[in-house]
Structure formats: C-alpha cells, structure tokens
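Q: This is what each chain is made of:
2 protein chains.
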Amino acid sequence: MNLILLTRNDVDDAGLARVRDPRRLAHLRQVHRARQGDVMTLGLENGPLGRGQLVSLTDDEACFDVSGLDQAPPAALPVHLVLALPRPRMLARSIEHATALGVKRITLLHSRRVEKSYWQSPELDPAKIHQHLVLGLEQARDTALPVVNTARGFRPFVEDRLPSLLEGRRGLLAHPGMANACPRGLTEPVTLLVGPEGGFIEWEVEQMLAAGCEGIHLGERILRVETAVTALLSRLF
Amino acid sequence: MNLILLTRNDVDDAGLARVRDPRRLAHLRQVHRARQGDVMTLGLENGPLGRGQLVSLTDDEACFDVSGLDQAPPAALPVHLVLALPRPRMLARSIEHATALGVKRITLLHSRRVEKSYWQSPELDPAKIHQHLVLGLEQARDTALPVVNTARGFRPFVEDRLPSLLEGRRGLLAHPGMANACPRGLTEPVTLLVGPEGGFIEWEVEQMLAAGCEGIHLGERILRVETAVTALLSRLF
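Residue numbers (the UniProt record's numbering), protein chains in the order written: chain A, 1 to 237; chain B, 1 to 237.
Hints were generated in silico from the structure; no laboratory data involved.
Just so you know, these numbers come straight off a predicted model, no measurement behind them.
Here a beta-carbon is modelled for each residue, glycine too, at the ideal position from N, C-alpha and C.
Hints are supplied without guarantee of correctness; some may be wrong.
[What the hints assert, rightly or not] Pulled a few chain A residues facing chain B out of the computed Cβ check, cut under 10 Å:
| # | residue |
| --- | --- |
| 1 | K104 |
| 2 | R105 |
| 3 | F154 |
| 4 | T187 |
| 5 | G215 |
| 6 | G219 |
[Unchecked claim] Partner residues are not named here, just some residues of chain B that face chain A (Cβ under 10 Å, in silico):
| # | residue |
| --- | --- |
| 7 | L3 |
| 8 | P74 |
| 9 | E96 |
| 10 | K104 |
| 11 | R105 |
| 12 | Q139 |
| 13 | C182 |
| 14 | T187 |
| 15 | G215 |
| 16 | I216 |
| 17 | L218 |
| 18 | L232 |
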C-alpha cells in the first residue's frame, strides 16, 4: 500500500477516519510498521489524497486525521477496457494491473473461447472485484474507483452496447494478425477490446470490425492476457 | 504452450525428437488433446521453428518429426534488463513477462531495498529460472533462450560491470521522479535498469546516473515491478 484508501463511511464529522478491518490494520502494522503520530499518504475513495497523521492506533482501530487531504488523484487513462473474461487468477491480476495503470471503466465480456465455468468463479463476486480494484488504487496512489460491469452475451454486447461505447471514442480491437500495429501516445478517448486466451473467433472479429473498430496487433509474439493488457495500455497512452 | 519447445538432446540423427518429461506430456494430452498424426507448432531451443507432425504418442513418450522446421524465431528486443531482485513470486512472473516480450539478457541485481532473504529463494535455482524462461518462450512462440545472471553486490556491479553494459548502449534508469518521461519506439540497443519495490535509494540512483545512465519515469503512478517491467518494455520498443 503506497496509500491508505479510506471510504466516506470511515470518516466522521470531525475529519477523523477510523479503520477497523483486519486487512488494513495488519498491513499498517506489518508493512508500514505504523506508530501513533506517523504522517502517512492517505486518500478518500473518489476524493482527494494527501498526507495525514495516524492519531491513534489500538488493537482494533486506527484513527487518521484526514482534514488536510487536498491533492487530486493522478490523471485517469481515457479508455474503456473491454476484456474477454480471463480465467480467475488471470482476471484478478489483470484488474489490478489495469487499475494501477489508470483504467476507470472495465467491461468483462463473454466470447466463444471464454470457458463458461469462468462465469461461476468466486473472483467475479463484486466484493472480490472491489478488493482487487482497491489493491490497484493503493499501489498506484489513486483514489478514483473504476467501474466494472459484465456482458455475458457476445451478440447482445455487439448489437446493443458497442455502438454507444464507440460514440466519440476510437474503437481498437487488439487481435493477432490485424493489419495495423498498435498506435502510440494517443490522447483521444479509446474503447480497447482484448480477446481471451486463444483469441476472438473469426466471426467475432468480423462483427467488431463491422461495428467500427480498427484492428491492431502487438507483433508476432503471442502474449498472455495480463501481459497484453499492460503492454497495450502502456503503448497506447 | 503455443509452441512445443524441444532441445537438441531431444533430437536423434533421423530428425525425430522424443519428449519424455511429464510436464510436456501432460500438457500435450490435456491442453492440446494431441493425437498421433497431429501437425503442431514446434521449435528447437536456440534454433528454427515451424510445423511438424506428432509421429507417435505413448504413455511415456511423444515423438515429433522436426525435419521441416525452417522459420526464424521472432525478433528479440535490443535490451539488457537489469532488475533489482524482486520477491520470489514476482520474480517468476517478471521473468515470464520479459521473456515473452523478447528480452534475451537479464541481470538480477542486489540493491539496498532488496531483502537479503530473496537471494536464498528456491526460485533462483537455475532449473527453476530455466522453467520460467521456457514458459515465456512457449507462450510467445520463440526459441531463443534468454541468458540470466546475477549481481549480488551493488557497488561491484556499478564499478565493474555497468560500464561495459553501457558501451554502445543507451542506459535508462527507470525511477519515479526522474526528469524525463520514458521514451517511445526506440530501435537502438538499451540497458534498462529497474529498481525493487520501494525503489533504488538516492545514493544508488546517483551512482547509476554518474555512470552514464539517463533517468526516466512512467508518470506519477507507482507500479508493481512486474507491471512496470512490461509497461517499460512495451513503451520503449
């Protein structure tokens, strides 16, 4: 944790935030070796960040002074990431990488080569997803919580949701063998679509290109989803 | 495995390669659902790759015809990666990411904020490192095995080895707060130095800059080592 992320619910009227959950308390003690009086980097979920004092620390509560938080979080990436649902452990890491890199909108998509059992994984539980988002924010010293939703049918996604995701945004479909190399250093809004292990099937590629996406590739190497997501985001922006 | 990687030792004089280790045999059966007669993507370690037939498959041996392999592996990245030794699980993943992206030379470096216990990890066993290199090659359809070595003292590394690593190569030190943003789309040879969790200490940064490295940063977000390595390589090349 490069930042202690606090929620509005943690904060009382006097500008004090009380942390009581075991994960953050254990991390404060073991990694930060925090002691009463320490000044640490704190952030309010979807709010400002800055330096604040650990006013008190007991066995079951850490109390922070958050009255002085006045910095804006780092800039977000102008991207909506549409990711074919990866297998559970890959999903967790991909969400953490993408969040740390500044992605604020993620849609998890079904496609032919996504194993149906992945949709039953406990990793898709909103509380688990929230946990990975928080880890990504704490890593990158960010406070703006990404929004994650799902699209459990490929055809309804392409027909009903993709057109609005492409309004005012450049749609980029990352897929091996596409004609153009991944562009670099973009500043415009992008909707980035990334396939599953094994890739989108030909029909799916055709549907997304027909909807207005441009096909892009990262070269002849085939990358794991989590490597590809980080490599694409880092090269695009 | 997007490629079955075979060693020279696997190959006999008749151009047949025999695979007997349980990992590859299990993967052939369970993931590839391989059957006698199948034509698959094969590669010879540090040699060519291409399509070849699975001539026979028994409980304890798969035999491939490698006489037709005639393609060169994908281009390597012109980079020597010097990585402060990450904690063991992060090391394994960082090596796989870097190998899949095309890095061919990796030096694992000690620095002040590397926990000394990491040097005792079984993950540093050459056989374990080799395993992660092979996984990275199989993922990316590459055959050229990276060379990994260690530098267990920071000062001897900077004084004795870094100068020759910078001969004819641009030295780039990735560190938060450096003056210049990470450059994009380089084609010249680079030596890229990446610090541990918590970063290089100020004295170490000064030593590397004095040796001729340029400091670069990836923005105000603090990334995990494995995310940073992929993000740097993807943006640089």
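Q: Flag every earlier hint the structure violates by its number, smallest first.
A: 1, 2, 3, 4, 5, 10, 11, 14, 15, 16
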